[in-house]
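Peer 1: First to last, the sequence lines map onto chains A and G.
Per the numbering used here, the first sequence starts with residue 1, numbered consecutively.
Per the numbering used here, the second sequence starts with residue 1, numbered consecutively.
Worth flagging that the hints you see were computed from the coordinates, not collected in a lab.
Mixed in with the good hints there might be a few duds.
[Unchecked claim] Restricting the straight-line Cα-Cα distance to at most 16 Å, the calculated cross-link-like pairs of lysine to aspartate or glutamate (EDC-like) are:
| hint | chain 1 | residue 1 | chain 2 | residue 2 |
| --- | --- | --- | --- | --- |
| 1 | A | K84 | A | D255 |
| 2 | A | K132 | G | E128 |
| 3 | G | K99 | A | E161 |
Computed from a prediction, not measured in an experiment: that's the story for all the values here.
Listed below are the residues making up each chain.
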Amino acid sequence: MKKKLLITMGCSYTEGVGCYDVDKMSKSVHYGFLPREEEIIQRKNFHKLGWPNRLGKKLGYDKVINLGLGGSSTSGQVKQFFEKHVDRDLSEWDVLIVWLLSEPSRISFYKNGCIENFCPSDSNTMYVEYLKWINQTNYDPDVDLLLENIFHIKIIEQLCESRGYSLLLTPAYEPELFIKIQSLHKSKYYLNKTPKSLLHSLMKSGNYKCNIPKGDGHLTPDGYEIFASDLYNEIKLNHPHLVSTPKNKIIWQWDGAPIDRYGKFPMILNQIHTDIFK
Amino acid sequence: MGCSHTEGYGCWDETTFSDEMLLKLKKHTPINPFFGSDNSNIKFHTNELISKNKNNFKTKGWPANLAKLMGTADILNLGKGASSNSGQTKEFFKRNLHKNPYAEYDVTLVWLMTEPFRISFYVNRKIENYMIDSHPIWKEYFKEIISHHSKDMFNGIPVEDPTLESIFYFNIMETVCIKNNWKFHAFPLTNVFSKYFRKHESSDNFHENCVMPLLDDNNLKLYSHVCGHLNEMGYQQVAKSMYSVIKS
Numbered sequence: 001m002k003k004k005l006l007i008t009m010g011c012s013y014t015e016g017v018g019c020y021d022v023d024k025m026s027k028s029v030h031y032g033f034l035p036r037e038e039e040i041i042q043r044k045n046f047h048k049l050g051w052p053n054r055l056g057k058k059l060g061y062d063k064v065i066n067l068g069l070g071g072s073s074t075s076g077q078v079k080q081f082f083e084k085h086v087d088r089d090l091s092e093w094d095v096l097i098v099w100l101l102s103e104p105s106r107i108s109f110y111k112n113g114c115i116e117n118f119c120p121s122d123s124n125t126m127y128v129e130y131l132k133w134i135n136q137t138n139y140d141p142d143v144d145l146l147l148e149n150i151f152h153i154k155i156i157e158q159l160c161e162s163r164g165y166s167l168l169l170t171p172a173y174e175p176e177l178f179i180k181i182q183s184l185h186k187s188k189y190y191l192n193k194t195p196k197s198l199l200h201s202l203m204k205s206g207n208y209k210c211n212i213p214k215g216d217g218h219l220t221p222d223g224y225e226i227f228a229s230d231l232y233n234e235i236k237l238n239h240p241h242l243v244s245t246p247k248n249k250i251i252w253q254w255d256g257a258p259i260d261r262y263g264k265f266p267m268i269l270n271q272i273h274t275d276i277f278k
Numbered sequence: 001m002g003c004s005h006t007e008g009y010g011c012w013d014e015t016t017f018s019d020e021m022l023l024k025l026k027k028h029t030p031i032n033p034f035f036g037s038d039n040s041n042i043k044f045h046t047n048e049l050i051s052k053n054k055n056n057f058k059t060k061g062w063p064a065n066l067a068k069l070m071g072t073a074d075i076l077n078l079g080k081g082a083s084s085n086s087g088q089t090k091e092f093f094k095r096n097l098h099k100n101p102y103a104e105y106d107v108t109l110v111w112l113m114t115e116p117f118r119i120s121f122y123v124n125r126k127i128e129n130y131m132i133d134s135h136p137i138w139k140e141y142f143k144e145i146i147s148h149h150s151k152d153m154f155n156g157i158p159v160e161d162p163t164l165e166s167i168f169y170f171n172i173m174e175t176v177c178i179k180n181n182w183k184f185h186a187f188p189l190t191n192v193f194s195k196y197f198r199k200h201e202s203s204d205n206f207h208e209n210c211v212m213p214l215l216d217d218n219n220l221k222l223y224s225h226v227c228g229h230l231n232e233m234g235y236q237q238v239a240k241s242m243y244s245v246i247k248s
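Isolated chain G (complex conformation) (with noise of 0.2 Å):
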């Protein structure tokens, strides 16, 4: 379960992209990623390139290397790009899977928990997820969360009642894991809330060091010029430290 990083969104085919793209993209960097430095190149964001790197996502991401590091048959992906810890949660209910439709097989539900800034509800029938600015709904709700004086602010947003939310969220996959003899392992995407989640929830199921690894000028090879994620050696990455914690 997760966002974007655990789609596998970053690990791009470059055949699949347009000569135009690929060579605005030689000036970009990780640093200064194509998708994100420019709207201009949001033109090239479309559902067809992302079609066509769908399976790059998917036999790229962690969730494929971290399958193969523990010998695991089968994988359910449910990461979804900028999805919230609660839409996640929502979504997971939403197909049944609570219900255990898996009990012929040994369970591991890995979790690389989103930025705790997130929220969801539904509308017009389906899950709406809502980023940092993304909507006015979020941007109220962050009037509403930023009315008292907090000393837990990151870039200007209190982190500690979103990592409750997000510790909520964390305790029902628990509990349906529990129920179904499923094993339970979840990661933080940053140190941001990491320190918070501790402060108020002392699980073992939740691993609160960062696997990603820092974006700086050493493991600039690690992430995508195209759109700032991991890439394919990144997730290869993430995957080695999770596998490292999960045997632990």
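This is chain A alone, in the form it adopts within the complex (with noise of 0.2 Å):
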């Protein structure tokens, strides 16, 4: 019998941003602010205590191979899927990919070498001048990110059949969105089958948010575990072909971070920490 591997794609709120470690800082700023040696720890706590970890141990998973990302867009989380991946040979495992999918609208080109993520809220000017073509034409402007989304989809949907892997996809933002996602696109891969945004719903209650810095709306440790419940029910509910016996401990790898082909990131970016999780 394979071993069961579990490699998660998505942004901040796969990366586990939020899980601070409120003794180990100095200050409570946004961890980008942070000094580095203080970034490195807190950026190790996410890692350890966002929802990947948690899901794989619920799913009796062995290991969990978590390449989430602050800041990544959809089109960015596949680029780092096929540099990272597309050549790796997992055949000796069972592989899930549980997909949060981020907000559409990012969009990412290479830089430097290296994936470089555009969200609405840099005010990047390559980025303003797209916004600004999509917003003049007569149709609803998210269609056009959603039909790049779905592009991007449909990618991981073909290497998941090319290699023999089972996928979900659930969304990181509002329902409503995610509806109009699976109106232009029909998938056996959502995870549920009406939709559902369970993240969102999470957020909404505003019980769980990490307020670091004051006001930001990522999850605390609790908050995640709460998650990693509901994505686990709902697994079991929809597609229990994926459960297998809660373990103990897994391993845990974070490897969210981009291939830095001329080493112009801060080298937290480039650690691939390798642990177990209890």
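Bring the two chains, given one by one in their own frames, into a single complex with the hints.
Peer 2: Written out as structure tokens, the structure is:
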């Protein structure tokens, strides 16, 4: 019987942003603004205590590889997957990919030999120009963004079918947008039969916001535990063949950093942690 | 798959040209083509003219010639003028060809990958491609990728980052072909990005030697004086070069 590998894809919610160890922080700010040593500590905490390891344990998987990266786009996540995993032989593993889809408005391009993601909040001039054009049309501009996302979803679907991996898709954004995706793209890989956003429901409740910095909506470790439980319950209900006996401990690895061909990115992003999660 | 060079653009049937156009054409060579050298000539480049020549493009471009050499029964030519590698891949997925509607065929996918600098986005629910300097979006993209000191310039544009984008699309198409048990051969339209492609991608399905004849004095007969693309003879040569690589 093959060992079970869970690969998780997504943005900051998958990286585990919000799982701060407040005792090891000199100030209550976004991790990107912390002194380098503190940022390393906090990011390791994110990677350990986010939903991927928790879900892996509940599902009874042997190993979790978390590709989640804060600020990343759907296209950037697919590029990253192709860079790191398309040539990797995982034939000895029974692989499940859970993809927590990022908000569709983000885009990516290679820059300086590395995948660079662009978010609406960046005020990047290329991004602003792109938005200007899609907003000039007679159609709902969301649809153009979603069609880009659907293209990238189809790519991962192909890859999974090619390799015999299982795949589950669920959104990190509001269900209204996900309904639009589902109307444009029928897929057997959606986590839920009806459009549902487990993460959005949890965030809307407001009970588990990390609030670091003040107002930040990422989840606390308790929030990610509830999210992992919600995911587990839906998988058990809709995809029971993917569920095994829960594990006491699993091996996990965070591999969310894009390949840094010219050494332009800080070391923290180049590290792959491998550890045990109990 | 490919751009105008796959669509067969350049295989003009001059009997479809107006007398005025034929007269003007006399002054032009492939180095100084009719379309491209003089903006006033653009009025001749009408949808009607393209439409009259579509069949010529289709039957005399490299895909039809290669199919003959390979003994292939049916061709689906996805070549589209001015398209990007990303746009071509998007079009392929948009048509759901990745789901393999050709299960009863022995399929070979040949991709003449266009210059890597082009980008694409969905706008108005359509795949819009942006060529060099063609659109404000491309100009902003260029500003974005130019911002580092690079030695990989071609005509002032960095090559390596756009080539990494193209490698991503190559890998996607390779995955599709493996899944569907199709044969896959990709060729570069120019040598400019071949070495960068090879630096980052070792797949045998990419043939880095350019199959396009050089536009020099010896090869002028292979190029169209109408648009500067290859002509019927030029595309025959491309097909022969491709066939020789595929056969080996």
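Peer 1: Taking the hints in turn, state whether each one holds.
Peer 2: Hints, one by one, checked against the model:
1. A/K84 with A/D255: Distance ~9 Å between A/K84 and A/D255 Cα, so the pair holds.
2. A/K132 with G/E128: Distance of about 14 Å is within 16 Å: holds.
3. G/K99 with A/E161: This hinted pair holds, its Cα atoms lying about 10 Å apart.
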